[in-house]
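**Q** Protein chains in written order, with the working numbering: chain A, 1 to 337; chain B, 338 to 588; chain C, 589 to 858.
By construction, these hints were calculated from the structure, which means they are not laboratory data.
Ideal Cβ positions, reconstructed from N, Cα and C, are used throughout, including at glycine.
Watch out, some of these pointers could steer you wrong.
Label pairs and their in silico Cβ distance ranges [to be verified]:
id: 1; chain 1: B; residue 1: Arg409; chain 2: C; residue 2: Arg736; range: 28 to 38 Å
id: 2; chain 1: B; residue 1: Thr408; chain 2: C; residue 2: Ala827; range: 50 to 60 Å
id: 3; chain 1: C; residue 1: Arg759; chain 2: A; residue 2: Arg137; range: 24 to 34 Å
Listed next, the stretches of chain A that the computed footprint assigns to chain C, with coverage defined by at least 3 CB atoms under 8 Å from CB atoms of chain C [as the list claims (entries may be wrong)]:
id: 4; segment: 44-57
id: 5; segment: 83-96
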Amino acid sequence: MHMADALISPAVGGAAWAGAAGLAAWSARKVRLEMDDRKAPLMGVLGAFVFSAQMINFAIPATGSSGHLGGGLLLAILLGPHAAFLTITSVLLVQALFFADGGLLALGCNVLNLGLFPCFIAYPLIYRPIAGTGLARGRVMAGALLGAVVALLMGAFAVVLETTASGISDLPFSSFLLFMLPIHLAIGIVEGLVTATVVLFVYQARPELAVAGQGSTGSGRAVAVALLLAAVITGGLLSWFASGNPDGLEWSIARTADTEELAAPGEGVHALSAHIQEKTVLMPDYAFGDASPEESAGVVRTGTTVAGLVGVGLTLLVAGTLALVFRPRRMSRGASA
Amino acid sequence: MSHHLVEARDLYYAYPDGTAALRGVSFRFTHGESVGVVGANGAGKSTLLLHLNGCLSPGRGAVRIGDVQVTRKTLPDVRRTVGMVFQDPDDQLFMPSVREEVAFGPLNAGLAPEEVEDRVSKALETVDASHLADRPPFRLSGGEKRAVAIASVLSLEPDVLVMDEPTANLDPHARRKTIDLLRSFHHTRVIATHDLDLVLDVCTRALVLHHGQVAADGSPADVFRDEALLAACHLEKPLRMQACPVCGTGD
Amino acid sequence: MAAIESALLQTGRLDTLARQDTAVHRIDPRAKVITTACFVLLVVSFDKYTVAAMIPFLVYPLALLTVGRVPPGFVLTRLALVSPFAVVIGVFNPLIDHEPMVRLGPVVITGGWLSFASILLRFLLTLSAALLLIATTGFNRVCLALERFRVPPVFVVQLLLLYRYLFVLAREAARVLRAYRLRAIRSRGVSLRVYGSLVGSLLLRTLDRGQRVYTAMGCRGFNGILHPSIPLRFRTVDAAFVFGWCAFFIVARLYPLPQHLGHAVLEFLS
Chain A
1 MHMADALISP AVGGAAWAGA AGLAAWSARK VRLEMDDRKA PLMGVLGAFV
51 FSAQMINFAI PATGSSGHLG GGLLLAILLG PHAAFLTITS VLLVQALFFA
101 DGGLLALGCN VLNLGLFPCF IAYPLIYRPI AGTGLARGRV MAGALLGAVV
151 ALLMGAFAVV LETTASGISD LPFSSFLLFM LPIHLAIGIV EGLVTATVVL
201 FVYQARPELA VAGQGSTGSG RAVAVALLLA AVITGGLLSW FASGNPDGLE
251 WSIARTADTE ELAAPGEGVH ALSAHIQEKT VLMPDYAFGD ASPEESAGVV
301 RTGTTVAGLV GVGLTLLVAG TLALVFRPRR MSRGASA
Chain B
338 MSHHLVEARD LYYAYPDGTA ALRGVSFRFT HGESVGVVGA NGAGKSTLLL
388 HLNGCLSPGR GAVRIGDVQV TRKTLPDVRR TVGMVFQDPD DQLFMPSVRE
438 EVAFGPLNAG LAPEEVEDRV SKALETVDAS HLADRPPFRL SGGEKRAVAI
488 ASVLSLEPDV LVMDEPTANL DPHARRKTID LLRSFHHTRV IATHDLDLVL
538 DVCTRALVLH HGQVAADGSP ADVFRDEALL AACHLEKPLR MQACPVCGTG
588 D
Chain C
589 MAAIESALLQ TGRLDTLARQ DTAVHRIDPR AKVITTACFV LLVVSFDKYT
639 VAAMIPFLVY PLALLTVGRV PPGFVLTRLA LVSPFAVVIG VFNPLIDHEP
689 MVRLGPVVIT GGWLSFASIL LRFLLTLSAA LLLIATTGFN RVCLALERFR
739 VPPVFVVQLL LLYRYLFVLA REAARVLRAY RLRAIRSRGV SLRVYGSLVG
789 SLLLRTLDRG QRVYTAMGCR GFNGILHPSI PLRFRTVDAA FVFGWCAFFI
839 VARLYPLPQH LGHAVLEFLS
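Next comes chain A alone, as it looks inside the complex (with noise of 0.2 Å):
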């Protein structure tokens, strides 16, 4: 699932998008380092595979529905966590960018959601010690389908998160994961079927490549990995902390009385960041109208409203106006060319 710029927050986005680039600066040392310059085409060419596979729909056993690859355990498998998480973050990127999908302020959070997890968490310390490099039928799929269902839980774990933490969405923490990770322990086991058939007909093709393609196991990859995870928790945390709209979670808390759903976790923490947020803003906040819902005791005033309404449409209309008297001559003519 896509992460998208309509439901982050800044703080969540942009600390995202550090610890995605510092991974992927990283992993790019990595794959200089480690491996020869033939990963490069790999890599592209890999990656536009994914997006080839995904255009192939299976049929999921006793459902009547269809699901489609999603990959990041595969590229894992056969690049190597460096260089599969260079590639993700490459497919994630041309996501963002040509299909819409997610968006670029989002795209440091899918690429954590979809690149950290199965390259770094299911590939290394799952896949590769059940699996191992052998050919065993059992072991890569039990490797597979464990790994791949990690990395899925993980990442809805990450999706929650970030979502909450932005305070666009109003759906409580509790309900939301308890909507997510059902699904994406279905989409998880899907995945880890697939990622195993697939392999174990390449590798029963070219055996050869079972041992090429299990790139570098570094010595450090032990506290390269503890490293990450903490970077990872301390992220989440400052990210949580320092989450740009928490007025909305303080909103949901101030109405505890009438809304039972409200999740009951995290509440100390809601009250908390949005006390800071209070002192520490920067930029007031302007809702529809003049009023932000903390102070408006009652409701926003019609008369606010209409006038709100008015600049509006007179906005649209200057913004209609400019776009027209703008637009370029030549446009008619190559319309008709």
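Following the hints, put chains B and C in place on chain A, whose structure we already have.
**A** Chains B and C only, in chain A's frame:
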């Protein structure tokens, strides 16, 4: 310079899966010679070609380009001398525009920008593709792609041109243009192809490969007259050497 | 997936649009990347209930559309194809948040509807900005900008190649899929057992192609770095583009322009 010499001595090569692709191939092509390498699918043509500029290194035997033996160390030199045009232009053309595509090799060679520009326009002129300079290569027609792929190699000013199936997947007109282009070159040319009529048109020598070995080596006219040999090697007389079924003429 | 397929096909159209020559297309890619980033950041920084104050931000995509000669219908259809995650999640807001916030005569709008409208507007603004960046710049020039921003070469190289082979491999997959469908008329998707070998063989061919591309690049002396042959020049116009737009965004972010405009007009009328 005697760079134009291409010599192979007793080449053996097996793929990682164990398939023996070359089993003792030897030859010596001299300056300006144009050689057609023919043979059935899987006879070893493409494998042989990949040895000529060091994309593959032989399990046994050696390749010499001029006075230089192809090794890892001499690779940059060899690759500047031997230009390689691949069978599928899509594998070769990856830059955003034709101009950048043709400039790719010279820029990698570290030439000065003016020199690069000069070579690009010359190479594009040679293949009659100057008008395509600003187009993205992957949007071109098959014939145009082929021309650009050749230009992208010519811009390195190689002494030897190696081509894999230069007329594959081309319409008759594009094929004819490519053949005319190949005839106009003065490089030493090594052309792997199933198009035996092309060999008659362009080549002064034909090398027949069969199961990784040289089955025949001689002038195209002589080699293609040997029907027993052609049948054994899964080949067929070039169309123009066959009796015409419509008018009944031919030799 | 039909959506992906048609999106891929339309991507060629995006390329064609990017090759036009207009005032916007001539702006340095770096300037457009920076401006787009600033735009997205400021749009996203609005309070969750903001609708009106965000409207002036529409001016930027509208300006790119008209000056850059991008058909509006094209952008809108692409937005419609997008995965609707934001909309799906946003639709819960009206269900959860019933607090009345705005009154217009007898009509009362709740906070939930307001924040949902805000999400839709964010969706429209941020995604159209991303699409228009590509439509007026082209992917390769965006990559060039990335390279100038000191993004590691290995990343840029594989990004360019990914884009280059997107179409080649998509066509290949489409051919395989067509051949499969012609012989498996009843099934909705590829059965899981066949899927392994179908996608697996596609993957094998991809790996071979990767090898051939690498070989072809190696034959022409590739050593890990692309040498861009188009020089980028950051001119005064480009600087003006960045500063002009960013200044406008900041003003629009700090002052609810439509509100002020509305008040002024109503005052004038009364």
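**Q** Which of the listed hints are not met by the structure?
**A** The structure breaks none of the hints.
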